[in-house]
Amino acid sequence: MRDVPVAALRSLVAPATWQATFHVLAGMFLGAAIGGVLWLLAVLWWAAGYSLVDGPTGHPLLTMLYAAAAVIGPLALLPCARFFGALQRERFRALAGVHIAAPKPEAGPGWARLLRPWATGASWRQLAYHVLAPVLTGLGGALVVLCWSALPLAALWGDRVSRGWYVLWFGGATLALFAGPWVARGVAAADTAVARRLLGPGRAEQLSERVESLARSRADLVDAADAERRRIERDLHDGVQQRLVSLAMNLGMARTAFAGGSPEVVEVIAAAHDEATTALAELRDFVRGLHPAVLDDRGLAAALSGVAARAPLPVKVRVDVARRCSPSIEAIAYFAVSEALTNVAKHAGASRAEVVAERVGHRLIVTVTDNGRGGASLDGAGTGLRGLARRAAAVDGTLTLLSPPGGPTAVTVDIPCE
Amino acid sequence: MRVVLAEDSVLLRAGLTKLLTDGGFQVVAAVSDADQLLAAVDEHRPDVAVVDVRMPPTHTDEGIRAALVIRRQHPRIALCVLSQYVEESYATDLLSVDTSGVGYLLKDRVAQVSDFLDALRRVAAGGTALDPEVVAQLLVRRRDDPLERLTPRERDVLRLMAEGRSNNGITEALKVSNSAVEKYVSNIFAKLDLPPADADHRRVLAVLKYLGDGLPAD
Chain A
1 MRDVPVAALR SLVAPATWQA TFHVLAGMFL GAAIGGVLWL LAVLWWAAGY SLVDGPTGHP
61 LLTMLYAAAA VIGPLALLPC ARFFGALQRE RFRALAGVHI AAPKPEAGPG WARLLRPWAT
121 GASWRQLAYH VLAPVLTGLG GALVVLCWSA LPLAALWGDR VSRGWYVLWF GGATLALFAG
181 PWVARGVAAA DTAVARRLLG PGRAEQLSER VESLARSRAD LVDAADAERR RIERDLHDGV
241 QQRLVSLAMN LGMARTAFAG GSPEVVEVIA AAHDEATTAL AELRDFVRGL HPAVLDDRGL
301 AAALSGVAAR APLPVKVRVD VARRCSPSIE AIAYFAVSEA LTNVAKHAGA SRAEVVAERV
361 GHRLIVTVTD NGRGGASLDG AGTGLRGLAR RAAAVDGTLT LLSPPGGPTA VTVDIPCE
Chain B
419 MRVVLAEDSV LLRAGLTKLL TDGGFQVVAA VSDADQLLAA VDEHRPDVAV VDVRMPPTHT
479 DEGIRAALVI RRQHPRIALC VLSQYVEESY ATDLLSVDTS GVGYLLKDRV AQVSDFLDAL
539 RRVAAGGTAL DPEVVAQLLV RRRDDPLERL TPRERDVLRL MAEGRSNNGI TEALKVSNSA
599 VEKYVSNIFA KLDLPPADAD HRRVLAVLKY LGDGLPAD
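Chains as they are written, first to last, in the working numbering: chain A, 1 to 418; chain B, 419 to 636.
Some hints here could point you the wrong way.
Subject to a maximum C-alpha distance of 27 Å in a straight line, what follows is the list of computed DSSO-like cross-link-like pairs (lysine-lysine) [what the hints assert, rightly or not]: (1) B:K627 / B:K609; (2) B:K627 / B:K593; (3) A:K316 / B:K593; (4) B:K627 / B:K601; (5) B:K593 / B:K609; (6) B:K627 / A:K316.
Rather than coming from a laboratory, the hints here were simulated on the basis of the structure.
My request is simple: use the sequences and hints to build the entire structure.
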């Protein structure tokens, strides 16, 4: 309990208290000024409109002025509201350290830019803040000023209070002073909460921005993963693979050189040589599965004809992609075909297959069909295909498997190709 | 026999130089990229150029492109291309000009020292040496053309011919008699409608037919 007075005293001099106070005071003046300007605009417009309706008198130039004011008034109102909104946001940034994102600026040329503010909620919300702010910060600011100046005021008017009420009079003033920090912070918080709702982007706008940024970061992630695979492939190719080739070659030379030596030596060298050769073949398959270098060099057509050539059944390939897609997209298409053909060879019992890759508008559509027995599903044998379906989904694409019992089976990948 | 070697990995370049020197080749230049390769070939006019596919600066298919330049500028210089992977499109490029004096092998094959040196000698002498994987890929692709008429065994024989083996080599590989191989070979000639000429020429034609037919013109 002893700490309470100390805490109360400390809160009187706390930076946050004074920040809130300045913020509220600035808001009081700025809000009043903005409100005044807007009221003035409204009054001018109303007066001009009223004069026009009432039947203008005086010089014809005056009539034209009225007409101009009547037309320009509404057009200027919302842009003004947005400009003042920016001022208010600046107040929040500079005095309260609160960053409120600006609503999206109006795009479009000429008339569209003049008229669009009327159709966007953001403009009306900002106007609402300017109407509300004088009331909120005006009353709140007055309250804050009253709290801070409670003691001097009490002293000033002290002679009007009868002697018996002195204690209560100054006690109340002291209480008001100690309430000052909380009042200032409370008013500032209320002002901030209202401003966040009214001066910032609306919920739909926030959501659409969030969706955009999520889509962007997801695409970056896909690209990054792809680039990483490429880097690992390159590192393995330049490093381990060359070293293994060299090792196997040296063992091969040793094998030749010691061919007439003692059987134990020959046997050990031969075993090591065979091991190295096997490791090399395994590493080659692995690295190829990571990322096929030919895809970067020569594109989808060359890479797919390579996959088709390696398949243990005849595969017809038709690639009709005039402009190349991004590397990540090509990689997804490549691995989808590779995986689909592996499945065809393993499970379909097919005697032939066909791969067609075409660009349709901004989509790359790759289809792998076979004449096998069908009945395949993404949940069944093709776990690789399920992974690829996920990879396709990550770029807003789809991988579909159509495989009625009795066949034929068709795997279709539909991915964006800007 | 004089060799120019292009390989960007220092380790492998040194190893290959030693292997070739031990194998009785004279390595007149060992370089690390395509430009140096072309310069070295111009300068030394070797019998054969051994070329890695992936070299600086882009690490893609420099070797193949350099090999095609050499083929155009010096048609008599034999080419042996080494690659970490066998790609049908590289093979197609390489074989589209001329199939004599051309080799396309997986890099792994250098570990089978004597096989590799044999293949290189064959290429230097104007023959072909294609990696079994290349052959397998080309074979699958051409399954629905005249080669379809061949029996699986005859196709095996043709595949070995394409790898550059002699009848004796085929006999050994397939563990059949010499006369059986001769019979397969003559069947192949007949089924591929090859005009009677001297045996070696027909042999080359059969391989050409096998590899070359249906290769895209580009």
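Where does the structure disagree with the numbered hints, that is, which hint numbers, in rising order?
-> 3
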